[in-house]
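Using the hints, position chain S against chain R.
Number of protein chains: 2
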Amino acid sequence: MTIPNKTRLLLITTALLASIAASVVNAEDTEQSLLARARSLFKELPDSIHVDDYPHSAARVALGKSLFFETRVSSDGRMSCAACHNPSYHGADSLALSVGVHGQKLPRNAPTVFNTPLLIAQHYGGNRASVEEQAYKALISPLAYGNANFAQAEGKLRALGYAKMFEAAFPNEQDAITAENWATAIGSFERTLMTPAPFDAYLKGNTKALSTEAKLGLEKFISTGCAGCHNGTTVGGQSFQKFGLTEDYWLATGSKEMPLLKGRDKGRYHDTSKDEDLYVFKVPQLRNVAMTPPYFHDGSVAKLDDAVRVMARLQLGKKLSDEDVAHIVAFLESLSGAVPAQFASVPALPVAGFQNQ
Amino acid sequence: MTIPNKTRLLLITTALLASIAASVVNAEDTEQSLLARARSLFKELPDSIHVDDYPHSAARVALGKSLFFETRVSSDGRMSCAACHNPSYHGADSLALSVGVHGQKLPRNAPTVFNTPLLIAQHYGGNRASVEEQAYKALISPLAYGNANFAQAEGKLRALGYAKMFEAAFPNEQDAITAENWATAIGSFERTLMTPAPFDAYLKGNTKALSTEAKLGLEKFISTGCAGCHNGTTVGGQSFQKFGLTEDYWLATGSKEMPLLKGRDKGRYHDTSKDEDLYVFKVPQLRNVAMTPPYFHDGSVAKLDDAVRVMARLQLGKKLSDEDVAHIVAFLESLSGAVPAQFASVPALPVAGFQNQ
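These protein sequences, in sequence, are chains R and S.
No gaps in the numbering here: position 301 of the first sequence is 695 in the working numbering, and each next residue is one more.
No gaps in the numbering here: position 52 of the second sequence is 446 in the working numbering, and each next residue is one more.
Each hint can be trusted.
Note that the list lumps identical chains together, so a pair holds whenever it fits in one copy or between two copies.
Straight-line alpha carbon distances no greater than 30 Å define the calculated DSSO-like cross-link-like pairs of lysine-lysine that follow: (1) Lys558 <-> Lys697; (2) Lys499 <-> Lys656; (3) Lys531 <-> Lys499; (4) Lys437 <-> Lys697; (5) Lys499 <-> Lys650; (6) Lys437 <-> Lys636.
Just so you know, these hints were derived from the structure itself, not from any lab.
Bound-form chain R, shown alone (with noise of 0.2 Å):
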């Protein structure tokens, strides 16, 4: 049989439209099926959180934004929540490790405080149950504020005048200030500093703010298995776990004592003291990670693309192609958001001098 030239061109047309219209519900499916999946794994950031205990007002807010950038109720005058959470390092402070008041180097890394209100605890040991917990223990830690008690904090917040503002934050309570409130208010100020990335705006079910690097990126942190750990609303920061599953850690990268913890950083199990604990840490959220380098909980690592194979191989026992870790890398960077106004712009602060002679 013979087909006319004609009806063959037909045929073949057909079969090609046919041919692209399938790829384009294939395309279609995966780009859905994709989604799906992300929105089983991750969950869109809310704008800020208000929950029951810890009710908001623009006084207490206010007041919390002030006690953020305050040095003046430390011991040496210099440290407050933003020398280690700075506007202008999206929240965290650029060094591999942290710098405590009096200028003692601290064994670990500084996170962002963006986001952190949604973590499962604070602290790469996760000691800390809450912001405001830790904005509260910080007070008479040696190695934040450096004050004997919470007494003498309170003292200075006197001494500095922040009665008025205390008292528009509390309004109900005879004598405002107080280390409770010191905590409140700077949690009711860091539970607005959220950061809504091009992520979010692709799990509401925008499939086009990912660039298809980024979508590739996405299905391989799925499909590799980072998004075991790293997952929830904040991709990650809801769990603990091993540091090293596959290989030690300090073995893989050369970590250096810490002073402080008298030789290796062994995790939760300076603060539990139980052999499960061994090299245990919360893992960290990935919002902002492309913001907030040097990497890991001793800011070991310096490029976002060496922290990606450096968690394959020592979690997953994965060696990852160069294409793949840069996939991820551009996943990851669909997760940064914008620094908040708010957090951008330093407050005036109470006018007193500090006498540090």
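Structure of chain S alone, referenced to chain R:
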């Protein structure tokens, strides 16, 4: 002769009215006379300074702003111009004695950065001719940024990714990242940090811009002799003077030994080794003085009223009444301007970590 009651009343009323009119004329005379005296001694602030040696551009100011807040050029990753000149503390740091790189206690108090390009020189000893020279030399000062040499600082700027910003700010240069351009850019930003105050509105002719107390204080400030040194656009900062003219500052205030100066602070003598420079300091500007305690080169006095009393005693041999002090303080408060908006909004800096292990 008897004067009828009605006529007597008329005469009394007329005399009274004439007296009131005379007093109004006298008050207006006094008002205008004080303004004229003030205008002969002081000058209103420009909005910002643009001098031929340091031409501005938006790109140059933007670069200068980033560099002002940039900590990673310093040897400990924590020092920046903003470390001592903080938006939260009106361009100063609130400390009695500032702290340099690696936590070194410095021998002197940090002044506000506002309006400083208008001063005769920089530093209390006046050993920097301009804000640009100050920024330039800070890069290699072991107390400030602690770089071994300019090449090291320039290398850090390149590694941090500043090339494009320098090229935009210095478009006609082959290799724009230089220590000189670092200094010029920071100076460009600082030359925008002017803080016009109620006193400027007064000097422009709005005599209602100052309260009655402030005007009484202005008169007292002039008649007591304060304006002999504290004059010009910046109400001081235009000359050098011995601290302790009528009494020994050291003995009168019990000031402390400064380890870095190997004893007491001898002012310009540390730079010149000339006897006539013993205890000679730059006269500080008084703009924003009410916003930037503690006071003097060593930050030894906490309150502005006490600082006024010490100055009257040690420089003029006078004991002021409490009322006079209160009026002078009211005048000094009229020298406070708002924190410039471009200074209160902290820039997002290039993304790169700092290895401080």
